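**Q** Chains as they are written, first to last, in our numbering: chain R, 1 to 223; chain S, 1 to 223; chain B, 1 to 231; chain L, 1 to 231.
Hints are supplied without guarantee of correctness; some may be wrong.
[What the hints assert, rightly or not] Here are the computed lysine-lysine pairs in the DSBU-like style, where the Cα-Cα straight-line distance is at most 30 Å:
1. B/K136 - L/K136
2. B/K136 - S/K162
3. R/K162 - L/K136
Don't read these hints as lab results, they were simulated from the structure. Note that the structure is a prediction, hence the values are computed from the model and not measured.
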Amino acid sequence: MDAEGPPRLTRELVAMRVAQELPPGSVVNLGVGLPTLVGAFMPPDAGILLQAENGILGYGGFSNEAFDPDLINAGGQPVRLNPGASFFDSTASFAMVRGGHIDVAVLGGLQVSERGDLANWSVPERGGGSIGGAMDLATGARQLIVAMEHTTKTGAARIVRKCAYPLTARRCVDLIVTDLAVVEVVAAGLTLREIAPGWTPEAVAALTEAPLTVAADVREIAL
Amino acid sequence: MDAEGPPRLTRELVAMRVAQELPPGSVVNLGVGLPTLVGAFMPPDAGILLQAENGILGYGGFSNEAFDPDLINAGGQPVRLNPGASFFDSTASFAMVRGGHIDVAVLGGLQVSERGDLANWSVPERGGGSIGGAMDLATGARQLIVAMEHTTKTGAARIVRKCAYPLTARRCVDLIVTDLAVVEVVAAGLTLREIAPGWTPEAVAALTEAPLTVAADVREIAL
Amino acid sequence: MTATVYRTPDEALDGIVDGARVMVGGFVSAGTPSNLILALKRRGTRDITLIANNIGFGDKLDELCEGRQVTRAIATFAVRASSARESHFEAQYRRGEVELELVPQGTFAERIRAGGAGIGGFLTRTGAGTQVAAGKETVTWAGEEWLLERPLRADVALLKAHRADRLGNLSYRLAGQNFNPVMATAADLVIAEVEEIVETGAIAPEAVDTPAVYIDRLVRCDPLEVRWDGR
Amino acid sequence: MTATVYRTPDEALDGIVDGARVMVGGFVSAGTPSNLILALKRRGTRDITLIANNIGFGDKLDELCEGRQVTRAIATFAVRASSARESHFEAQYRRGEVELELVPQGTFAERIRAGGAGIGGFLTRTGAGTQVAAGKETVTWAGEEWLLERPLRADVALLKAHRADRLGNLSYRLAGQNFNPVMATAADLVIAEVEEIVETGAIAPEAVDTPAVYIDRLVRCDPLEVRWDGR
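So that you can see chain R by itself, here it is in the shape it has in the complex (with noise of 0.2 Å):
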């Protein structure tokens, strides 16, 4: 139990209650960091279709057998290939994910804001970050889901009513799964679905910068 209320998600429970948003028979893209270990929660056989935008689609959990420069996924890290997989290269990938054809990208975030604007990519005051594919993704994905912590180390609110830190595209989010709760952006705001065990809906508006909707049937995260 931290300073301010009971205990937050863990990171692989944060990752559980994405898997649980993917639809059976569909291709999601999982961005670095949090989203990552998403995969490892995926049901095993809803033929869900992870796309790696370094040019695969079809691949599995990490590998661990001798690791092969050649067969990573857009972090880096080695990788599995289910029946079916296939190779193309980045102007097809990006095709794939800049035509729609990508169903859910999962990306982490620094900001939301309540209109679903994404920042992820830059912390203006760190002098750095990058894009990567993340702008493309944001823009290309049919459903976009940012899993994120819901608040800084220092406290300050991830939900916002403007993100501060540069965007990474614009009314781009359309879920929000943090380790506190499960935000909808809808087009009146953003709506809370869900919260973590122990937690009220006031604790985590309190920590939530932009307004939020109780959902008439709010409920416990369920994993």
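With chain R held as given, fit chains S, B and L onto it using these hints.
**A** Structure of chains S, B and L alone, referenced to chain R:
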């Protein structure tokens, strides 16, 4: 000998003359009709790679084997493959054409203007014509040779001041090889470089609407 | 989503409605989905906008025109300069009964790619200063004149590949690719006719030409003999 | 023109001059021409504009920066958000000693494709409303905002493939393609490092990923062990 002068070159001889223009190791696209004949006259060891815009690099002569519907050139004719051939789709093929990776294209012509405009796809009074790959080839190839008859069946000049037929591309033609002459398109206009055996520069000029500058070293077409 | 395998080309066309925009892969005889084209003829779908490289040059598409199923075509070659022997399409075109948008072949391929790849338009020098430029935005850049060409998509794409696995991965043989891989990306419903359907995983990952994500329906058919006689 | 086979990566770089724009293929450890990169380091070429997906993430490109050979970079990831352990490139970037144009990865790939394919620009929604849009023409079409992105070319491209034939056809293995095939189309001089050179014709025509027309020089090298530790 026709009504207007000594015999003209046959289509095969025009094709032979065009073949002389192809540098060793060059990548060449041959259009439908007369240009297709050029393939039969290429020096065997020059390492010329023929590109067919339907997606082949490195095809050889026509095939006499059983017809394979999947192994045709852009004119629909069955072809053989040379060692080192490759296949690709139409987007890759026209990336090659448009991107300047074809050294020489040989196209048929209806009219060529004194500044090198080409009209080769439509005869409006016949109510038809199709573009196919001609506009991309005329625009994208590094060098464009037009192989055509010097005059129409009714004796009208095909090398004109200004094309009356719909254009394929502007200022695209580098060399015109006809059954009467070899004409180079230069910044100043048209230069008559070679003439068919038995013809005089004056006789060729009389069948040419656009002004011709006779090269100082004008000579007979040698095959 | 795993591709659905249909028993017959007729069943594979389920749901195609009058007025549909239909892309058809193939280049003359190569990679042409003749079984699906003939099924579309049997289906009797009308008011079709046909998007295909060629119509009536060794393909079966002219048979659709014979039954007046095609109202509008977007193609790169469909009408001969000489009218010695007219196709049904040509005859209807010359009588003004069918609309034709002739597109340079590279622009045709690239517009379909744009439609499938989330590209809102592209600049090409091809067609500048010709009839093709009519009505299009022209820009000067880097000392050259460029046409702004727009993406092309369809409701349905009919494709031909050599092999498919059950997931929907396709591989083509020889020059059978042409417009098939790009059309696979640019239609809401993508139906492929193949000579063989193998188990998922039986096509090596490096040999997959069209990834399974693009394919909705598969049907196994013996290829029909198709050949253009050059006229 | 048949590709020329060189004995060493150092000889294969003959003619590259200071100030060159150099594209380098590869994605982290996959398909990265490490032997050619180290040869470029030994060569001491300076004032390089480096066009590569990543710099300092399991590649050898940071070694070029160590020797201050790179003046300007166009990349998709080159600077970490956190600076726990800086690459030479990052340190120089933060000190303002090297210029960086960060490009979204799909836009990066597509700009290079445009450079090789004779496309004068294209419209993408990627980057609209972000820092990436700064200084770019923005157009509204089909109810969306699009950026006009321009082609990207280089003087030299350094590539890595698995096999080549003597003519210059290339084939890649696994996820080794990434930016190599497209960079092959967009530079004036294209040099490929390969693990094996076989006789012309030994790569099946369907297995050729990069047709020989794009390749000028080949050199056979054992691949260097390269791995990103994730930091």
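**Q** Hint by hint, note whether the structure agrees.
**A** Verification of the supplied hints:
1. Distance restraint check for B/K136 and L/K136: the Cα-Cα separation of roughly 22 Å lies within the 30 Å cut-off, and the hinted pair is therefore satisfied.
2. With a C-alpha separation of about 24 Å, the suggested pair B/K136 and S/K162 falls inside the 30 Å cut-off, and the hint holds.
3. Between the alpha carbons of R/K162 and L/K136 the distance comes to roughly 24 Å, so the proposed pair stays at or under 30 Å and holds.
The structure meets every hint from the earlier list without exception.
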